[in-house]
Amino acid sequence: MKKTMYEKIWDSHFVVEAAGQAPLLYVDRHLMHEVTSPQAFEGLRLSNRKVRNPHSILATMDHCVPTKNRDLPIADPIAKKQIETMAKNCQDNNLNLYDMKNPNNGVIHIVVPEHGFVHPGMVVVCGDSHTATHGAFGALAFGIGTSEVEHVMATQTLPQQKSKTMLIQIDGELSKYASAKDIALAITGKIGTAGGTGHVIEYAGSAITNLSMEGRMTLCNMAIEAGARAGLVAPDQKTFDYLKGREFAPSGDNWDKALAYWKSLPSDDGAKFDTIITLNAADIEPQVTWGTSPEQVTGITSIVPAPEDFDDEIKRQACSNALNYMGLTAHTKITDIPVDLIFIGSCTNGRIEDFRIAAEMTKGTKVADNVTAIAVPGSYHVKKQAEDEGLDKIFIDAGWEWREPGCSMCLAMNGDELTAGQRSASTSNRNFEGRQGKGGRTHLVSPAMAAAAASAGHFVDIRTL
Amino acid sequence: MEPYNKHESIAALMNRSNVDTDQIIPKQFLKKVERSGFGVHLFHDWRYNEDGSDNTEFELNKPAFKDAKILVVGDNFGCGSSREHAPWAIADYGFNTIISSSYADIFYNNCFKNSVLPIVVDKTTLATLMDEVSANEGVKFVVDLENQQVTTPAGNDFKFEVDHARKENLSKGLDDISLTLQQIDKIDQYEEKHKQSHPWLWV
Ligand code: SF4
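If you're matching them up, the sequences are chains Y and F in order.
Numbering (this note's numbering) for the first sequence: -19 to 445.
Numbering (this note's numbering) for the second sequence: 1366 to 1568.
Just so you know, the hints here were simulated from the structure itself, not pulled from any lab data.
These figures come from a predicted structure and were not determined experimentally.
Listed below are the simulated BS3-like cross-link pairs for lysine-lysine, each with C-alpha atoms no more than 30 Å apart in a straight line:
| hint | chain 1 | residue 1 | chain 2 | residue 2 |
| --- | --- | --- | --- | --- |
| 1 | Y | Lys373 | Y | Lys343 |
| 2 | Y | Lys48 | F | Lys1397 |
| 3 | F | Lys1396 | Y | Lys48 |
Here are the in silico distance ranges between beta carbons for each label pair:
| hint | chain 1 | residue 1 | chain 2 | residue 2 | range |
| --- | --- | --- | --- | --- | --- |
| 4 | F | Glu1415 | Y | Met(-19) | 55 to 65 Å |
| 5 | F | Gln1561 | Y | Lys68 | 33 to 43 Å |
| 6 | F | Gln1561 | Y | Lys144 | 27 to 37 Å |
| 7 | F | Glu1373 | Y | Glu288 | 39 to 49 Å |
| 8 | F | Gly1402 | Y | Met(-19) | 43 to 53 Å |
| 9 | F | Ala1429 | Y | Met(-19) | 49 to 59 Å |
| 10 | Y | Ser231 | F | Glu1415 | 56 to 66 Å |
| 11 | Y | Ala400 | F | Asn1370 | 38 to 48 Å |
| 12 | Y | Lys(-18) | F | Lys1505 | 44 to 54 Å |
Built from N, CA and C at the ideal position, the CB exists for glycine as well.
So that you can see chain F by itself, here it is in the shape it has in the complex:
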């Protein structure tokens, strides 16, 4: 995985709540057997017109949001299915940071596996950030994972929480499987014990 470095990037705004995974990546795009190439389908049904042309009404199609790496979005983002295609599409599109007041659990977990940092802010902060972006479309925020801080030109700076292990892994680009396999002896020992206490699981 790519290490997550401090960056200054355009923040795009989607003022919608309860955006579900069916909207993030509609199911007709789930049939692929590869992990890449989902970015062009991100928010497909909102993003494109019937004839395949860009829907200019859709927020992310605004020229000012082109090349945005930060997505500022309403409450309960990523609810619905467990499909990891959702963060794959988000990362493949070019976002590496999301700022919202809450996320669905599975989606939140999936982000960290794909070098996407989901930042949680309180509702008031979110509203302030949304106001800043809509007043100044194309504005750039600085995201500093090391110091767990976001700074903005209007001074709406804030600190955010992130689990220590997740922060480490994200900033070093470590993948979970290799980390877990460092504990393989412990897993073997556990399994032996579990076989003794739950023999019916192994027949």
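So that you can see chain Y by itself, here it is in the shape it has in the complex:
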């Protein structure tokens, strides 16, 4: 039988299906951060269970960590307790933790690939929905809840129902300055935030194979915004080159064995998918969200829609609520929307390539009056690399703040946040009400678009610069 990549990974990780119970799937890698793990450790302790495979776990601190004045004690006592609890849990269970002071520290989904901890064909979980990021390597990577975190620690398996498969085929050339982020947003715009529910997406086509590994990570990262459980890209030479030589990548004989396995993973020609979606890369403009859901998105040359523009009653209502919350008038040109704050960072767009393109846009400009612009590298390694390339100087000279790594304004748990009514151009992944601070208004964009908005003070069509 011809199999999709998802089915191959599923079959090779299937452990058992006991009568009346869901199939158990084996888990190879378990990623952790401080927010969704404490109650799982507590549960383990209360039931006198142990972590089955400590070596399968890599942990970091990212959600609550400050992005400035790291040497000072954390001001928020509850965040401080969460950080301390994480350190203690990792120490008690002998887990590899990149704590706040560790030179490997950063956002979990940035740090893990940097160290080659995830390989093609693995099953990877994390108590975090953006775990889908690691599908860029052809690994089945998905977010789980805290009870499941505890379940994986205790048993190295998860009861799972098999997902449906969706193929998103994107061929053709992206226009200049359109990026993986724009593909991800355009997909969400096309299929909606529930479009992928119950599915694992495989992204394929020349526009996908042409993406760098970092671009593929950005794309898979946002599979969850399209409602999917996970996103996958078939591993190829770029994947192998990226992994080779990294700390947790196989070496010597094992490299050859692993490589042979990795090459067997891509979907067989003619394998059947439950749903197929196609997009033409050339049609994808730089995208900007105008509402409070990632599906409320449009191209830079477009206008903010009006509720009447939608046939569906629910969408009409959602549009009207969003315009109200966002303080926008229907039919405003996207390029006429002013911004107050620029955020470049997060596990979606906090990698070196993101800062390179943003720096290219920023070079020789000044942040517009009344605009605040902050650049938050995804990890200390990204930060150092950027500094070695002199990118930090470009940002600082233009009036940006250059911060320490962390999730920061992606979810505004660490004190970096919008005030009510403030409007951001943000490279993160969610524009929900209050996500970046109560009453804050978020427009999701690519790093290049965010950087260009910083100097213009409003959105601009970067293709015309």
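Keeping the supplied structure of chain Y fixed, place chain F with the ligand upon it in accordance with the hints.
Chain F with the ligand in isolation, oriented as in the chain Y frame:
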């Protein structure tokens, strides 16, 4: 976990779609290291005014919905993050049943781990149920997991689907980890085989 028994309870109505986990439990409440006590923060930003008093405009603050155990809510409920704090808050508030036309995957899974039954109905049924609740606030529905059936005073009764294993575990209050550990031999065997075929994962 508590076993899920047949019950007759007030159904509260929130006629909103795409309610995301950031609304169910805003992130400022995620920093706790315990599992309990999230109920008071459920729907915080909608539920309370700036000064901390109750927002009387918010649906769940209606006196008729006090003590509701069933939440009737619009499409794609629980989208967004994987935070289990969302079902913890829902359960801690007192809900044990949700009725909607669809849920985000992770949220749906998380409900079963916390003795919350997420019932899926088609959009027409949902609209009918919403009409029934808004016409008669405080109305009680009977939820019968055993027979997979909900009955309502206006006769908008319906059957619902639920995965067999999940139904068993929910109705007996069984926790997943103990069930999985009954398969420990199979896991050990699998792991041995996996070590042989994927040796690079163990170095
Ligand atoms: S950067 Fe944002 S999306 Fe990514 S892990 Fe952190 S909070 Fe989650």
